[in-house]
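Protein chains: 2
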Amino acid sequence: MLKHALDPRSVAVIGASDNPHKVGGRPIMFMKRYGFRGALYPVNPGRAEVQGLKAYPAIEALPEAPELVVVAVAGEEAVRAVETCAKLGVKAAVVMASGFGETGAAGLQVQDHMAEAARAAGMRLIGPNCQGIANFATGVVANFSTIFHEMDCRDGPVAIVSQSGANSQAIYALLRAKGLNARHVHATGNEADVTIADLVEAIVEEPDLRLVLLYMESVKNPAVLARAAENARARDLPIVALKAGRTSRGQKAAGSHTGALASEDRVVDAFFERHGIWRVADPQQLVSAAELYCAGRRPRGKRLVFLSNSGASCVMAADYAEMHGIPLAPLTAQGKDALRKALPAFAGLENPIDITGALLTNAKLFGAVLSAVGEDAQSDLVLAALPIAGAGYDVGMFAANLAAFDRRYGLASALASPQEAVRAEFAKLGVATFAGEGEAMDALAQVADHSVLLRRKTSPVKRVKKSFPAGAARFLSEAESLAVLAEAGLPVIEHRFCKSEQAAVEACAAFGAAVMKVCSPDVPHKSDHGLVALEPADPGAEFRRQRERCLALGARFEGVTVARRAARGRELALGARLDPQFGPVVLVGDGGIYLEALKDFRLLLPPFTEEEVLAKLNDLHVGPLLGAVRGAPARDTSAFARMAVSLGEAMLGWSGQVASVDVNPVMVFETGRGALALDALIERAL
Amino acid sequence: MLKHALDPRSVAVIGASDNPHKVGGRPIMFMKRYGFRGALYPVNPGRAEVQGLKAYPAIEALPEAPELVVVAVAGEEAVRAVETCAKLGVKAAVVMASGFGETGAAGLQVQDHMAEAARAAGMRLIGPNCQGIANFATGVVANFSTIFHEMDCRDGPVAIVSQSGANSQAIYALLRAKGLNARHVHATGNEADVTIADLVEAIVEEPDLRLVLLYMESVKNPAVLARAAENARARDLPIVALKAGRTSRGQKAAGSHTGALASEDRVVDAFFERHGIWRVADPQQLVSAAELYCAGRRPRGKRLVFLSNSGASCVMAADYAEMHGIPLAPLTAQGKDALRKALPAFAGLENPIDITGALLTNAKLFGAVLSAVGEDAQSDLVLAALPIAGAGYDVGMFAANLAAFDRRYGLASALASPQEAVRAEFAKLGVATFAGEGEAMDALAQVADHSVLLRRKTSPVKRVKKSFPAGAARFLSEAESLAVLAEAGLPVIEHRFCKSEQAAVEACAAFGAAVMKVCSPDVPHKSDHGLVALEPADPGAEFRRQRERCLALGARFEGVTVARRAARGRELALGARLDPQFGPVVLVGDGGIYLEALKDFRLLLPPFTEEEVLAKLNDLHVGPLLGAVRGAPARDTSAFARMAVSLGEAMLGWSGQVASVDVNPVMVFETGRGALALDALIERAL
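Taken in sequence, the protein lines are chains W and R.
So our numbering is basically just the index in the first sequence, starting at one, shifted up by 441.
So our numbering is basically just the index in the second sequence, starting at one, shifted up by 441.
In case anyone wonders, no lab produced these hints; they're calculated from the structure.
Hints may contain errors.
Where chains are identical, the list cannot tell them apart; a pair therefore holds if satisfied intra-copy or between any two copies.
[Unchecked claim] Pairs of lysine-lysine, BS3-like flavour, derived with a Cα cap of 27 Å:
#, residue 1, residue 2
1, Lys444, Lys473
2, Lys777, Lys528
3, Lys782, Lys693
4, Lys1040, Lys940
5, Lys903, Lys528
6, Lys661, Lys693
7, Lys777, Lys661
8, Lys528, Lys619
9, Lys463, Lys782
10, Lys693, Lys777
11, Lys619, Lys444
12, Lys463, Lys805
13, Lys906, Lys805
14, Lys898, Lys967
One chain only, chain W, in its complex shape (with noise of 0.2 Å):
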């Protein structure tokens, strides 16, 4: 349980030292400064007192076994600690010293022993090598942060959880710039038991909490995280998390030895837009949109208006806008009758709306052009630029217009200015403020995404369960393949197993036009070996060449499958695979062989719906080519949708049983005319 971490009746402090800047002094003048008020026992056998508090010479010898303890003594002594406290029924306890896994096996192996000791006595362990725990709500502030000693801490809305202790700081002081403050703000480090995720499904139900960040440079536990996540939008709590090591390079730093492919962190993606959980890239963005998230702005779409006093950042943004997708509401005819009449005669009545200079000689236009957006209710976003203000202008009373607009239209709003005077008069009524006006849309874009994420129904994982047929194979033949898909309601070409030459001529006859493909377990990949044959004009003597060949390449040979060939249409691939960490994932993409090559795909964790399916086909290179173009008309995406939706369901319906599906090329057809799996193979999970 880590409420005995985070609100504990009573903490001890191993190693305590009465300087207070030192790693064991760190916990106690912070707890003493920021109002703990339970028990606090400092142990140093070489003090009775320490920072004022009476200290115990042992961890035995206090006069009850604390809920938490601080083991603030590094190596061999950090370890008997911890086997101590596990003995004494201590319920958690928080590691700092580093000299643990991060130095390699014989390190990880210690490490081990210290999570075992504790896991057997039912005591969490928090680290080690962390800089431990902080919960300003209740003074338990086990963690030796330089910057709690700089800033005066006090309870916020905002929780941080980081791997990096390092990084959990840097995140509280940009944070902290913005004008928030921070409840949790805790740094896992080695992460031998209570990770991340734990400490999120320990705190979502907090009903304070307005936003979490996530620092992790892996993903441990997904399953508590996905739980936790799926609380917390239950909630309406938005995470944002940063996930590094997205890259093969940022992967070695992270000393991560999984030998992963970069390219894999894409299921990462696919996992945090299942549970609702935003991805950037950086501190700065994690903290950009917190003043929106934290005033609860949940915009019901993504539509902005811009107004500027300068002609130029109207310029510069459309085009950001543009550039970003992010649309630009029109005004409407009595919109911008609204405007005519409050802005000067040689204005634009356009959105980006110029307000032009004359705001400097009439300070009251900004507010009658925001009374004139606001009244025209066309738009979710809102931003107010000033990149000219100072002597002259009247930005108080900016100020207090656009505060007023955002109590009375509810809409996110917020404000860009490069002038750091002009910007806290606006952040001192409230309003979200921002240096470049690119970040601010940024910002208000992304609680305008994340808010769809937020709002998406809930489909809970159901795992009907399907068939799947038994066997040793690695690899089912084509044939089986094409059977298990059309079983789990794709639709895949019309097409015949033939064991026999007669059986391949009379199929090619029936078929017209057909395909003939060897089908045997031992070859996957058949063009690979030209084991395709499109049309042959000798049905039986490409059967028996297909044999031939496939016995000579000492692989099994079952029959061939002949195909109908299908009519002309665009090839997409559809796939799926079983990933060890985050379980079935769905691929969807330009089809063709040049999948690995050109990357062209997205991922999504099933169950997912036909919906988002077209949402990530939109976002491929060649999505351009799915409408209608150059004569060529527009594809039944839908169908393709619900091809890869059975699909997704079906990896959760066979459980575990399915290492991975090809289905490449899924021939898609005009609108209307469906699309239909022409290839497929299926993997087994040996």
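Once you have looked at the hints, place chain R on chain W.
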């Protein structure tokens, strides 16, 4: 001569105001404050004295014709003032009033009239609708920007030339926040006469300038800007430009009515690249690398070493570098030895270099690591990050270490810290500082990439006159087009132009596998009309069919082109067109019919080199398919690049006679086997 505007011996202000915060008061206040040493004449019929200076009732009443006049009156009065100045022999006038070209056709007519009056008299006109010019070397601040009142301005190494007055101030403020000063701050407004290009040309030869920053919404006078940029490049003076209106939405906001497609913005990219101008997307990026430029950093390569006292920041930096194509320089064995001696035992010896939290207790680590990096001499760029610093950290010493490193090794180096106080310690020793690590890496990479453009050998545009067949038809036939390309030195598919059925039959027989295509100046897109036949079984019948079909379309039939059917390769597209503003532009891209739909192409302005073409091919989405992939050999991209270079030279040589050239596809064979134009369509400039 803009010298009279930038360094006049006398300045008059028409509409001079005693109120220093009116448009007619500001220039006088500023010129007094910023030390203008020439004669300053306020003109105001209602006052004997303005801001302590003797005032004159009219421009005609001055003791001399002033070199520069600031026209701070509006409407008709401004027009009359310009006319009078022109008559009196004034050399340059700055017209501040708005209400001219930007308001529509009527205003434009008045503006044109004003410009014509100036031109006729040899007077240069800046504006109208402009904030004016400011030169802090001469104290000529014929400008009413608020920012020059709010800040204490001094001469500096930077020039800002902006169409937008508001943006000139925003950029100036951002530059000052970087601790840099500007000599020139000019805002050109409607550019009835003087353009950004003119001002750039006028200032680039000033020896004290280290950096020129531009903001524009349209590129007027590209030839002048090109000349000025080449002068700047010859002097190693970098120019960074923000050209807004990249997208159709942005162009609309900029009030551009050219109807130009957003994608044509890529021509601007090509123009800037050709002339060594670095293009950025927002004002923050415009100033981001300013300290590095001003310190004269011109890295020879782009290899980065990153060091930090936070492991997490190392992981994020590794991700960032890989995702943004910044190579992380590996250390030599010797370099690792040096690091091993410096760092704690558990630290890694890789780049990014994790100095670890041990920096808190051992401040010498910072200098020791820098020294190891400098001696190792494997890097061009060095970024030191201190995401955590403050009490307990010897930041002053770190700053001294990095400054000394900078001086000793002359690499482009920078410091990233989210804490302003930390940055300030480094900045005061002249180190370039950044709040975010990503921004810092971008700035370092920018200076490295820009240095390549600055060093690029200037290949003066040689227009080797090339013959081009005269004619009146807009399109050349395919045979003519291929002949013109062959004449220009491009390898084209072996083919015969056949006027008779007999000739066509013979040609098909001679080639074995042949393609027959109609030849008509009226049918540019043959395949759209079924007028292309692959390996016709009966060449005579096909010739007759094509003739009939062609005549049925009402098109002239000249015969057919019979071409040898090319071996398989990868199809690329090569094209060229005559841009009305920028002249010849060459396109290289993915071949096939989806060039417009997928926009997988890049543009170059001739002349250019093979290497430059290869770099563009590498940037294509299909770039990975040009190397060896999935059993297919690497493609002869050099042969394609030679074709592109030849086409560029030909476009220059044809001196505007050719409107466009489409060579799609060019079949590119495996390395060493060359490339061939399979199809060609040339359009005359009529």
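Each hint, compared with the structure:
Taking the shortest alpha-carbon separations for lysine 444 and lysine 473, only the intra-copy value of 20 Å comes in at or below 27 Å, while the best inter-copy value is 69 Å. Taking identical chains as interchangeable, the C-alpha atoms of lysine 777 and lysine 528 are never at most 27 Å apart, the minima being 75 Å within one chain and 44 Å between chains. In the homo-oligomer, the alpha carbons of lysine 782 and lysine 693 lie at most 27 Å apart only across protomers (22 Å), although the nearest pairing inside one protomer, at 61 Å, exceeds that limit. With identical chains, the CA atoms of lysine 1040 and lysine 940 are never at most 27 Å apart, being 37 Å at best within one copy and 48 Å at best between copies.
For the identical chains of this complex, lysine 903 and lysine 528 are neighbours neither inside a copy (43 Å) nor across copies (87 Å), given an alpha-carbon limit of 27 Å. In this assembly of identical chains, lysine 661 and lysine 693 lie within 27 Å of each other by CA distance solely inside one copy; the values are 17 Å within and 49 Å between copies. With identical chains, the CA atoms of lysine 777 and lysine 661 are never at most 27 Å apart, being 53 Å at best within one copy and 32 Å at best between copies. Taking the closest pair of Cα atoms, lysine 528 and lysine 619 never come within 27 Å of each other, the shortest separation being 45 Å inside a single copy and 58 Å across copies.
Taking CA atoms no more than 27 Å apart as the test, lysine 463 paired with lysine 782 passes between copies only; the shortest distance there is 26 Å, against 66 Å inside one copy. Taking identical chains as interchangeable, the C-alpha atoms of lysine 693 and lysine 777 lie at most 27 Å apart only when they sit on different chains, with a minimum of 17 Å there against 56 Å within one chain. Neither within a single protomer nor between protomers do lysine 619 and lysine 444 lie at most 27 Å apart by alpha-carbon distance, with minima of 29 Å and 47 Å respectively. Only between protomers do lysine 463 and lysine 805 lie at most 27 Å apart by alpha-carbon distance; the minimum there is 20 Å, versus 56 Å within a single protomer.
For the homomeric pair lysine 906 and lysine 805, neither the shortest alpha-carbon distance inside one copy (66 Å) nor that between copies (63 Å) is at most 27 Å. Neither within a single protomer nor between protomers do lysine 898 and lysine 967 lie at most 27 Å apart by alpha-carbon distance, with minima of 42 Å and 52 Å respectively.
Of the numbered hints stated above, those contradicted by the structure are hints 2, 4, 5, 7, 8, 11, 13 and 14, listed in ascending order.
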